[in-house]
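Asks: Here's the letter readout for the chains.
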Amino acid sequence: MSEFALKTSLPAYLRDEQNKIEAFADGAGLDFFPTVFEILTYDQMNEIAAYGGFPNRYPHWRFGMEYERLAKSYEYGLSKIYEMVINNNPAYGYLLEGNSLVDQKLVMAHVYAHVDFFKNNYCFRSTDLDTGGRTVDPVRRPSGYDPNRRWIDKMANHGARLRRVVARQGINKVEEFLDCCLSLENLVDLHSPFRGIRRKRLVEDEEPQGTEIPRLRAKDYMESFINPAEYLEQQKKKIEAEREKERKFPEHAERDVLAFLLEHAPLERWENDVLDVVREEAYYFAPQWQTKIMNEGWATYWHSKLMTGKILDASEIIDYADHAAGVLATSAGKLNPYKLGVELFRHVEERWNRGQFGKEWEECDDLEAKKNWNLRLGLGKKKIFEVRALYNDVTFIDEFLTPEFVSDHKLFSFAWSNRNERFEIESREFRSVKEKLLFQLTNGGNPFIYVEDANFENRGELLLRHDHQGFDLRQDYAREVMRSLLRMWKRPVSVMTIADGKPIMLRYDGKEHATRHLRP
Amino acid sequence: MSLKIDQDHSRFRSIVRGKIRQNLRKYISQGELVGRKGKDLVSIPIPQIDIPHFSFGERQRGGAGQGEGELGDPVGGDQDGEEAGSGRQAGSAPGEHALEVDVTLDELASILGEELELPDIQDKGKNKIINAKDRYTSIRRVGPESLRNFKRTYREALKRQIAMGTYAPGNPVVVPIPSDKRYRSWKTEAEPVANAVIVYMMDVSGSMGDEQKEIVRIESFWIDAWLQRQYKGLESRYIIHDAVAREVDRETFFHTRESGGTMISSAFKLCSQLIDDHYPPEEWNIYPFHFSDGDNWSMDDTLLCVEVLKGKILPRVNMFAYGQVESPYGSGQFIKDLREHFGKDERVITSEIRDKEAIIGSIKEFLGKGA
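So the protein lines, in turn, are chains A and B. Take the first sequence: its position 58, counted from the start at 1, is 59 in the working numbering, and no numbers get skipped. Take the second sequence: its position 182, counted from the start at 1, is 431 in the working numbering, and no numbers get skipped.
I should point out that these hints are in silico values taken from the structure, not numbers from a laboratory. From the three backbone atoms N, C-alpha and C, an ideal C-beta is built for every residue, glycine too. Hints should not be assumed to be uniformly reliable.
A short, non-exhaustive set of chain A residues, derived as facing chain B with CB atoms under 8 Å [stated by the list, open to error]:
1) 69
2) 188
3) 424
Pairs of lysine to any residue, SDA-like flavour, derived with a Cα cap of 20 Å [what the hints assert, rightly or not]:
4) 253/B - 476/A
5) 561/B - 604/B
6) 174/A - 530/B
7) 275/B - 329/A
If you want the ones that stay clear, here's a sample from chain B, every Cβ over 12 Å from chain A, calculated [claimed, not checked]:
8) 319
9) 436
10) 493
11) 526
12) 600
All chains should be built: construct the whole structure from the sequences, respecting the hints.
Replies: This is the structure:
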């Protein structure tokens with residue numbers, strides 16, 4: 002049990018329910034870490050939620066901001082947080098004191114499914130702390146998988162670490178720097194945990210003292226004939242030219258900007274500490290926003306199945322239906338990840354039960370035949386268990402979204418209309434919807450930014466490249482982020498991007514922002 | 250319950266109020282939650298600070314949604330991402346007439362207090378009244394006959410008789426014996442303390458125009474709000490004067506038209522009278538506030554004012570405050586005279602209020618020292 006956990010104790014009746022529900026979940030095939038439930042008052046719940054699910058974080062106003070939003074929301078009866086669970090081993094789920102028994106049961110069932118997801122979905126392997134930076138191959142699962150995921154402790158340690166820094170440097174200074182780091186927190190490389198340990202580039206061996214020129218072997222008296230001055234000059238130039246080339250680093254465009262800065266930016270020790278913490282936490286949360294739809298869908302699928310199948314008794318059905326409906330409600334236009342996720346899982350399950358997959362299915366043109374297609378294979382359950390392990394939101398949608406699903410669930414894509422100055426429904430066409438959805442989900446909706454050159458113009462300037470995939474950067478924000486980058490890099494920062502179809506270079510040198518048009 | 254997050258929370262609030270981290274001001278936006286209070290829509294402003302990231306312009310992207318609607322129909326709002334599995338999102342209701350609820354008046358006053366760094370008012374020793382009252386609420390077995398409690402006595406007698414078996418329901422005769430007797434007795438209760446009265450005095454002579462009165466009204470509102478927070482039982486009295494003074498109610502105080510000449514002494518005399526009649530200084534904290542444009546009728550009158558202040562008013566009040574609003578007609582002489590005579594006296598606070606912006610500074614001068 003984490004020393005930083007709250008250690009509230011559940012009342013006996015809830016403990017009994019927990020045991021029952023755990024048994025049902027286990028019986029249904031869910032595979033989860035040992036799970037601890039804590040019961041909280043509404044303000045403790047708001048506090049924990051503001052801290053992202055952890056009892057202890059580093060000091061920063063953003064948590065205060067989140068808390069304000071949640072507390073006001075609760076105070077004015079707008080919404081309350083029913084469930085809160087964190088990716089930890091053992092997992093912790095939080096129940097809100099004062100909720101009805103039906104609600105608590107719903108939450109518990111939901112939580113167990115979440116924990117199963119955390120344990121089995123491959124994206125979350127990167128949050129295992131005992132892999133030394135190399136993540137275990139998700140397909141070949143070792144038996145008895147019990148990773149170290151003591152993130153409650155780690156977050157608390159981060160908090161302690163930063164508090165020490167604050168004690169020495171002062172809260173304003175540290176907070177300002179933290180704001181800079183947080184500006185950059187979406188500049189991570191989602192694939193890097195699966196690529197192995199980064200090879201650190203040693204900077205030390207780049208100091209040429211004198212240019213050591215390789216000479217051809219010659220006896221003393223032959224020296225000036227075999228190694229004439231011009232030849233030596235030439236060699237010297239050649240070597241220096243090569244060195245110039247080498248000076249362009251990183252060799253390959255680097256997507257983990259934070260790691261790059263940690264290694265190469267002239268940061269003071271405490272700044273390094275802070276940035277390191279921010280980067281680690283960014284990587285911890287990354288799998289969660291990569292799999293939001295799947296995760297919520299999975300949990301909803303299971304709480305629904307378990308509640309209606311096993312847990313509820315007849316008297317509770319109406320209450321349950323009411324609340325469950327609330328969770329799945331769609332408010333005008335917004336995509337509800339719970340609903341989308343669960344419907345898609347159910348869709349997959351049904352397809353695999355009926356054998357609606359494979360070459361024949363894909364090639365069938367007859368709509369009638371497709372509708373009545375039912376091979377009674379019963380592979381649905383197995384398939385969804387497989388899916389929950391091997392996919393993330395992008396691949397999930399990419400593979401399993403079908404035109405039938407889009408039309409059945411009334412999905413649409415929307416876009417900004419300049420004429421009417423508002424967002425409008427653009428299309429209900431499968432391609433369009435899928436494209437928009439995938440775009441929203443790719444990289445968490447963040448642009449692809451790479452460190453292109455850390456010795457730009459041979460003046461030690463930092464050059465970043467925005468891999469433009471059809472959408473322009475928000476320039477005002479970009480300029481602000483460049484300020485943060487300069488704060489760290491201490492030399493001018495430039496960003497290559499495309500705006501309004503034309504390639505441009507944004508540059509910030511500490512005093513002013515400049516925009517230069519590039520030749521395409 | 251005090252939470253760990255209170256520190257972060259109060260830091261956030263301070264940033265929003267602009268007290269610290271001014272460089273974050275440009276990122277502050279006012280979001281809002283829309284809720285319901287009965288059938289009214291309630292708009293709850295939620296300040297938000299957006300840390301900039303490399304991101305796409307919202308309008309650029311659009312997105313995918315779910316639900317009914319024809320092509321070209323408007324779609325509400327944009328997405329917001331959330332981190333760890335937290336709960337449901339607040340639904341967004343259609344925009345209608347919403348009541349803005351932000352802070353209560355009490356919170357406002359406390360914010361004012363923080364802004365101006367007003368210290369909480371401490372009770373001055375002599376004004377702390379322990380008004381001890383004796384209340385006859387208890388019982389004892391001995392006492393003077395005049396304090397007999399008949400009901401209790403007979404009750405005891407009845408109890409005794411029933412216990413002994415001598416009580417006959419058919420013939421209910423109850424005779425108390427000396428040990429049955431009960432007497433009323435008293436408890437000393439202290440009545441609560443700090444009582445305060447504010448006496449607002451305003452010059453309504455020809456030279457005070459609407460604008461000047463507006464300034465006075467605003468200032469006295471805030472002073473009122475602040476002092477309400479400090480004292481539970483706050484009373485306010487209003488005196489208007491031109492060449493003569495009279496006491497009025499709040500409405501009249503703020504709405505009187507301009508009229509005659511200006512004799513400030515009349516107001517002071519009336520104030521003094523008020524104190525004599527109704528507010529013994531041993532029991533009351535008294536705060537007279539006088540607002541004028543400084544144009545008194547004559548030097549003689551001013552000297553009379555000084556006398557009244559010195560002799561009658563100052564000895565009995567916590568402090569005396571004079572606020573001079575600027576007026577095109579007034580000479581503004583009075584404040585100079587006051588400062589001349591009472592410059593050294595800490596209890597007299599004078600302040601010039603040039604325009605609306607200066608109100609805050611003026612309040613701070615008046616209340617900053619704590620009275």
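Asks: Taking the hints in turn, state whether each one holds.
Replies: Results for each hint:
Taking 8 Å as the C-beta cut-off, the interface hint given for residue 69/A holds, the closest approach to chain B being about 6 Å. Annotation: interface hint on residue 188/A holds; nearest CB of chain B at approximately 7 Å, less than 8 Å. Residue-level restraint check for residue 424/A holds (minimum Cβ-Cβ distance to chain B is 4 Å; threshold 8 Å). Of the supplied pair hints, the one linking residue 253/B and residue 476/A is violated, its CA atoms being roughly 37 Å apart against a limit of 20 Å.
Between the alpha carbons of residue 561/B and residue 604/B the distance comes to roughly 32 Å, so the proposed pair goes past 20 Å and is violated. For the proposed pair residue 174/A and residue 530/B, the alpha carbon gap of about 52 Å is over 20 Å, so the pair is violated. Only pairs whose Cα atoms come within 20 Å are accepted, and residue 275/B paired with residue 329/A is rejected, the gap being roughly 37 Å. The claim that residue 319/B is not at the interface with chain A is violated, since a C-beta of that chain comes within 12 Å of its own (minimum 7 Å).
Every Cβ of chain A is farther than 12 Å from the Cβ of residue 436/B; the closest lies at roughly 39 Å, confirming the non-interface assignment. Listed as a non-interface residue, residue 493/B keeps its Cβ farther than 12 Å from every Cβ of chain A; the least gap is roughly 52 Å. A cut-off of 12 Å between C-beta atoms confirms that residue 526/B is not in contact with chain A; the least separation is 47 Å. Residue placement check: residue 600/B keeps its beta carbon more than 12 Å from all beta carbons of chain A (closest about 34 Å).
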